[in-house]
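Residue numbers (this note's numbering), protein chains in the order written: chain P, 1 to 308; chain D, 1 to 507.
Take these hints with a grain of salt, some might be off.
With a cut-off of at most 30 Å between alpha-carbon atoms, the simulated DSSO-like pairs for lysine-lysine come out as follows [claimed, not checked]:
(1) P:Lys-164 to D:Lys-115
(2) D:Lys-449 to D:Lys-386
(3) P:Lys-163 to D:Lys-113
(4) P:Lys-291 to D:Lys-137
(5) P:Lys-161 to D:Lys-123
(6) P:Lys-291 to D:Lys-297
(7) P:Lys-163 to D:Lys-136
(8) D:Lys-10 to D:Lys-400
(9) D:Lys-116 to P:Lys-291
(10) D:Lys-137 to P:Lys-290
(11) D:Lys-160 to D:Lys-136
(12) P:Lys-161 to D:Lys-113
(13) P:Lys-290 to D:Lys-113
(14) D:Lys-115 to P:Lys-163
(15) D:Lys-448 to D:Lys-253
(16) D:Lys-80 to P:Lys-163
(17) D:Lys-136 to P:Lys-290
(18) P:Lys-161 to D:Lys-122
(19) P:Lys-291 to D:Lys-270
(20) P:Lys-290 to D:Lys-116
(21) D:Lys-115 to P:Lys-161
(22) D:Lys-225 to D:Lys-489
(23) D:Lys-400 to P:Lys-163
(24) P:Lys-163 to D:Lys-122
(25) D:Lys-116 to P:Lys-161
Distance windows between CB atoms, simulated [claimed, not checked]:
(26) P:Leu-58 to D:Lys-80: 52 to 60 Å
(27) P:Lys-291 to D:Lys-123: 23 to 31 Å
(28) P:Val-69 to D:Glu-181: 54 to 62 Å
(29) D:Lys-80 to P:Lys-291: 28 to 36 Å
(30) D:Gly-17 to P:Val-83: 17 to 25 Å
(31) P:Lys-291 to D:Lys-240: 49 to 57 Å
(32) D:Gln-127 to P:Ala-124: 57 to 65 Å
(33) P:Phe-280 to D:Glu-319: 44 to 52 Å
(34) D:Gln-364 to P:Phe-256: 55 to 63 Å
(35) D:Lys-80 to P:Asn-84: 30 to 38 Å
(36) D:Tyr-139 to P:Gly-98: 52 to 60 Å
(37) P:Phe-280 to D:Lys-215: 53 to 61 Å
(38) D:Leu-369 to P:Ala-221: 42 to 50 Å
Please keep in mind that the hints were generated in silico from the structure rather than gathered at the bench. Glycine included, every Cβ here is placed at the ideal spot set by N, Cα and C.
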Amino acid sequence: MEGFLAAAVIAGTPLLFATVGELITEKAGNLNLGVEGLMVMGAVIGFLVGYRTGSPVLACLGALAAGSVGSLIFAVLTVSLRVNQVVTGLTLTIFGQGFASFVGSSVMGAVLPYSIKEFFQVIAIPGLSSIPFIGPIFFKQDIFVYFGYVVVVATSIYLYKTKKGLNLRSVGESAASADASGIPVNLYKYVHIIIGGALCALGGAYLSLVTVPVWQENIIAGRGWIAVALVIFASWNPIKALVGSYLFGGLNILGFRLQSVGIHISQYLIDMLPYAATIFIVIISTRKNKKEDMPPADLSNPYFREER
Amino acid sequence: MEPVKAIEMKGISKAFGSVKANEDVNLTVYNGEIHALLGENGAGKSTLVNMLSGIYMPDSGFISVYGEEVRFASPKDSIKKGIGMIHQHFKLVDVLSAQENIILGDRQGTFIKRKKLTQEIKKLSDQYGLDVNPNKKVYEMSVGEKESLEIIKVLYRGAKILIMDEPTAVLTPQETKRLFEIIRNMKEQGCAIIIITHKLNEVMEISDRVTVLRKGKSVGTVNTKEVEVQTLIEMMVGKKIDLAITKETIENKKLLLEVDGLYVMNQEKKHALTDISFSLYSSEILGVAGVAGSGQKELCETIAGLNPAEKGRIFFEGENILGKTPQEIIRLGIRMGFIPEDRLGMGLIGSMDIVDNIILKDYQNAPGLFLKRSRYYEKANRIVDKLDIQTPGIFCPVKKLSGGNIQKVLLGREIDSDPRVLITAYPVRGLDIGASLTIYDLLNEQKKKGVGILFIGEDLDVLMDLCDRVMVFCGGEMMGTVDPSQVTKEEIGWMMAGGKMKQEVRA
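Could you build all of it, start to finish, from the sequences and the hints given here?
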């Protein structure tokens, strides 16, 4: 059981980065449906940089850069030019997939150097890892997983305890009110769309650098879309995003586990689980009434100050 | 001693596309004065102050604050100069608490220090006599509380120049009274205050000086004490008008609508209406008085078929219409024009033009698969002419019109359909005197034609002048029906606060 849960955390980590990334983007009032594309861009650039340089740090930075550039395109189009966000996001996904196929064709099936595998080895945190049950699940993991915890905690503090975080939330809730309060709305949108996009890409890089350290084109396999749904499931709260991500990580690997204990259900049926659960959860979570659990009120509305 | 010029605007012009919102406008406001900005809908009052708050940039002209010339590129610049703007549509974030709204955009420190903030807010509230609970969420607040919050928000930033864009438009008489006390308080503390309004009695009551705008130009500035109301009206409208509302009693009334023991739940599953019974006759205007949120909205929606009733019956000429679809009720000739606080929320579609908005309730009744839009051009032009709607044309998106003109489109559409019963809620909300009088005339004209009108209003004076009978609501219950000629305003006010009236008035 512990083994299964520890594996669920690993499987949930790419979802976690992408979910928190999309959450930050949506808090700025922009709906970026390009998560899938940003993840695959991060995965391919991370893999390429890691493969050529052998440096895990450069690989991660490469992925972050890829996500930043990808989401910068989205920001220019949706914030400055006020293009429809849904269309732009979908286009970004298609663009990301094409980009990854093109760039990744040279390393198809290649294996990462040992230095990277070594860097992302399991590191048990002294003390914490010896807590019964909890320790082996959460504190005997690789450095990437730990960074995920840091991102969630930092995002929560930023959103709910700092003035900048408050300003960010107001931009997503009512850009006109934020503007009237003297908050530079477009700057906030740009910065957070880019940070969000970079995190999505880092989630993709986890798949290509750690989970499956071999390059393959369909490596993301719809996780970007699950992340978009998880933001709704989490009702735009980073802590709930963590819970949701690990839950879906568990669903992702359920098939393997069932087979290994001798339960034979069609693999196709098992593969369907996370996606079916996504639909189910989106239905459930849109039925809640609390104002605080609602999407940012100004989500996906372009803002133009002199609009009459 | 020469008073300090807080704000000086000279030769300000601003155009939106082909519409000149401001043309060569001048305005000077001194420290320690309450300066009213008066003008009809679309005279350019909001545009002018929005240039002071940094929302719009003037096309030409100069703005000085405390003698120093300024160019505001954004609201941030304006806030820095000590200007605080309270917008007509509150700029508050609903899901945030009062104190969170207050520190939005604040640059001091990284973390939110809630305890210290609560104290500071308390101190400010006491100083100016405002009442705001720092931890209350905005969506739980009444409009009066929101207004107070907006004021504290600008005071917290140390604003010395306060601009209020139609602050009283959505307030109850009691709330307005309190607001005026607060404004006088701020004046005593040396603030300069600009207040936009088109309610003349308020101008006379609160302001020291008045600047009148007409069609985007400044007509002049006068001392309030030295001016007569009639003169202000002439400056504002450009001609003399008679303010009296006419009321004719018409005999031979027929029973049109009968509401019997109606109970309605609201979205929070609480009773919005409890045991409501009344009759509406032809050729009468039946008023509904009550503090906002006393069940007026639910009453309108239930009659129009938009809201299910828990129990009770509504008869229209002997036929129970409860349970009928809105479409069927419209076909019976029951028309509703509800003007919500944001004016656009219900009944009109902002991005569509006047023609399409007029078609909206009619297209199902026209034969054929395709819309014949040209047939409605004439109708649209007729409504525009009759109600004197200020618009570049009938193909202009409705949201680009000023608030009053939007309301005229809505009401014009309902009246033009020759209704049997007309429900109008807040038809003059935010309208200037000229436009309001037009609307009262239109309603009286409908009354003469035999239409039964349910008039949900805010201004008690208007309700008493216009209506044949007035029903008073309080918290979803009916306190009684009165004959306006038999009661005083105070008595109605007392019923609005929950006092029951024993005697019932028959139509």
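Hints and how they fare:
no. : hint                               : verdict
1   : P:Lys-164 to D:Lys-115             : holds (18 Å)
2   : D:Lys-449 to D:Lys-386             : holds (17 Å)
3   : P:Lys-163 to D:Lys-113             : holds (9 Å)
4   : P:Lys-291 to D:Lys-137             : holds (10 Å)
5   : P:Lys-161 to D:Lys-123             : holds (23 Å)
6   : P:Lys-291 to D:Lys-297             : holds (22 Å)
7   : P:Lys-163 to D:Lys-136             : holds (18 Å)
8   : D:Lys-10 to D:Lys-400              : holds (27 Å)
9   : D:Lys-116 to P:Lys-291             : holds (27 Å)
10  : D:Lys-137 to P:Lys-290             : holds (12 Å)
11  : D:Lys-160 to D:Lys-136             : holds (26 Å)
12  : P:Lys-161 to D:Lys-113             : holds (9 Å)
13  : P:Lys-290 to D:Lys-113             : holds (26 Å)
14  : D:Lys-115 to P:Lys-163             : holds (15 Å)
15  : D:Lys-448 to D:Lys-253             : holds (11 Å)
16  : D:Lys-80 to P:Lys-163              : holds (18 Å)
17  : D:Lys-136 to P:Lys-290             : holds (15 Å)
18  : P:Lys-161 to D:Lys-122             : holds (21 Å)
19  : P:Lys-291 to D:Lys-270             : holds (18 Å)
20  : P:Lys-290 to D:Lys-116             : holds (28 Å)
21  : D:Lys-115 to P:Lys-161             : holds (13 Å)
22  : D:Lys-225 to D:Lys-489             : holds (27 Å)
23  : D:Lys-400 to P:Lys-163             : violated (35 Å)
24  : P:Lys-163 to D:Lys-122             : holds (20 Å)
25  : D:Lys-116 to P:Lys-161             : holds (14 Å)
26  : P:Leu-58 to D:Lys-80: 52 to 60 Å   : violated (43 Å)
27  : P:Lys-291 to D:Lys-123: 23 to 31 Å : holds (29 Å)
28  : P:Val-69 to D:Glu-181: 54 to 62 Å  : holds (57 Å)
29  : D:Lys-80 to P:Lys-291: 28 to 36 Å  : holds (32 Å)
30  : D:Gly-17 to P:Val-83: 17 to 25 Å   : holds (22 Å)
31  : P:Lys-291 to D:Lys-240: 49 to 57 Å : holds (50 Å)
32  : D:Gln-127 to P:Ala-124: 57 to 65 Å : holds (59 Å)
33  : P:Phe-280 to D:Glu-319: 44 to 52 Å : holds (45 Å)
34  : D:Gln-364 to P:Phe-256: 55 to 63 Å : holds (57 Å)
35  : D:Lys-80 to P:Asn-84: 30 to 38 Å   : holds (35 Å)
36  : D:Tyr-139 to P:Gly-98: 52 to 60 Å  : violated (44 Å)
37  : P:Phe-280 to D:Lys-215: 53 to 61 Å : holds (59 Å)
38  : D:Leu-369 to P:Ala-221: 42 to 50 Å : holds (45 Å)
Going through the hint list in order, the structure does not satisfy hints 23, 26 and 36.
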